[in-house]
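2 protein chains.
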Amino acid sequence: MKYPKTPAIFVKGKDFRLADVDPDANGPFADKYVDKDAAGPRVAALRQRLAELQEKLYAEHRRSLLLVFQAMDTGGKDGAIGNLLAGVNPAGVQVAAFKAPTPKELAHDFLWRIHAQTPEQGHIGVFNRSHYEDVLVTRVHGLVDKKKAHQRFEAINNFEQLLVRNGTVILKFFLHISKKEQAERLQARLDDPDKRWKFEPGDLKERARWGDYQDVYEDALRHCSSPEAPWFAVPANHKWSRDLAIAEIVVATLEEMHPEPPAADFDVKAQVIK
Amino acid sequence: MKYPKTPAIFVKGKDFRLADVDPDANGPFADKYVDKDAAGPRVAALRQRLAELQEKLYAEHRRSLLLVFQAMDTGGKDGAIGNLLAGVNPAGVQVAAFKAPTPKELAHDFLWRIHAQTPEQGHIGVFNRSHYEDVLVTRVHGLVDKKKAHQRFEAINNFEQLLVRNGTVILKFFLHISKKEQAERLQARLDDPDKRWKFEPGDLKERARWGDYQDVYEDALRHCSSPEAPWFAVPANHKWSRDLAIAEIVVATLEEMHPEPPAADFDVKAQVIK
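Each protein sequence line maps, in turn, to chains A and B. For the first sequence, counting from 1, position 136 maps to 136 in the UniProt record's numbering; every step adds exactly one. For the second sequence, counting from 1, position 190 maps to 190 in the UniProt record's numbering; every step adds exactly one.
The reader is advised that the hints may include incorrect statements.
You can't tell identical chains apart in this list, so a pair holds if it fits in one copy or across any two.
Subject to a maximum C-alpha distance of 25 Å in a straight line, what follows is the list of computed DMTMM-like cross-link-like pairs (lysine to aspartate or glutamate) [claimed, not checked]:
1) Lys274 x Glu184
2) Lys5 x Glu255
3) Lys104 x Glu120
4) Lys198 x Asp267
5) Lys195 x Glu260
6) Lys274 x Asp192
7) Lys147 x Asp78
8) Lys274 x Glu256
9) Lys36 x Glu218
10) Lys274 x Asp191
11) Lys198 x Glu60
12) Lys104 x Asp192
13) Lys146 x Glu52
14) Lys146 x Asp215
15) Lys99 x Asp267
16) Lys269 x Asp191
These are calculated hints, taken from the structure and not from any lab test.
Make the full structure from the sequences, and use the hints.
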């Protein structure tokens, strides 16, 4: 699969360095649209095309698409998901948001609750946070050491391979913002009474571990990205280029999948409607 | 709750007659928009407002909205759901499509699989078919007799009351098309290779029982509609007026719910972002 040119970086193996990804990057894109004004119509066109392709995927009912979103707090997961999928028939989309696990979920292996939410044939599944939390937040907080984390990378790769072999195409997006951008977004949440519900004082404790998070993200992306289940590091300080990059990659992937409605398994001419 | 004026009929009790509902009706609506051309911008505005209200419902995280859709084959459930919810963030929407029950589902009471799919707080849940199938198709096919069906009406009313008391607002839409309109839509599915996957020869057997279906629908609507969990009989031969009527009722209901993000439960001024 050859992905269209966007500011998003396709993570290839162990040499990937998160520090090399500029959260402020907003180009280059393929073709002509390179600024914020030109991006709007292009995203609208991609969204329209996504709705068409999703309907064909649904009709085909044979394969599925799984989109995984990870980011630091305020990284833009909710916005990116909403902007990508607004316009798609929600009957063909399953969004799963993974929060702190419940006691029942903790009483199973870390992939148990994830597996239950994988998309069924014909659907687009979206993970807002994911199984990767179990090699990120848990690792920063010392619940999982390096050895255990690397065992989990292996488990994750095996799990994703199982899904891929069963007809699920996987794309994973790490929305990469700068620490300074996060400060502005957190402040905006505090200042705006309509956004304040998104703020939690605990977010500041996680923010204080910024460097640790960058390290564990880098390690996870290095070990769990492959052509079959790629990670993209998406510069995300600029929402418009973030959304455009994701839309380009998702639509190109669905075009490559080329879903087609099945042929009739009955004699069309013999059907008489009285 | 006073609903806006649309061609949809709010079913009130035992005197309701489905035969009195004209599937071709496309008015009157409140206000000025009365024709197809004027409906488009109005639906777009309602959809925009729905997206805003859904975000507030999500932020509030206290109540939920459940939309139930039932119709004869080709009645327009998929189209109505897609046209209503395109534009709403799919992360706040759960669509459940109920098909013929699996052996595991049949090994439980008829509300078991339904209960598992009720929307969580902050979400809009959509049922494409529902627990009502168990007093409709089962009744037409003689799996459930009148006495059993009326026991199930009671069970359904009790179940819906449980949801309502837990903060779920319920709206139920029966999309009412004419037999002639169904013939045209079935023929269109047969004729168009892109739509043919939606056609099943078995649909014609159900069509032959048209009158029986109208009778059991009428009985279900009569017995399971209340101000707390109303049924609306929606004239659905014209897609534009069907979609407008549903959008008007859903948006008016959410306006009446008046969802509000919760106030901060921490000291806003004490938060310092470093």
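Report task. Go through the numbered hints given earlier and state which of them the structure violates, listing their numbers in rising order. Result -> 7, 8, 9, 12 and 13
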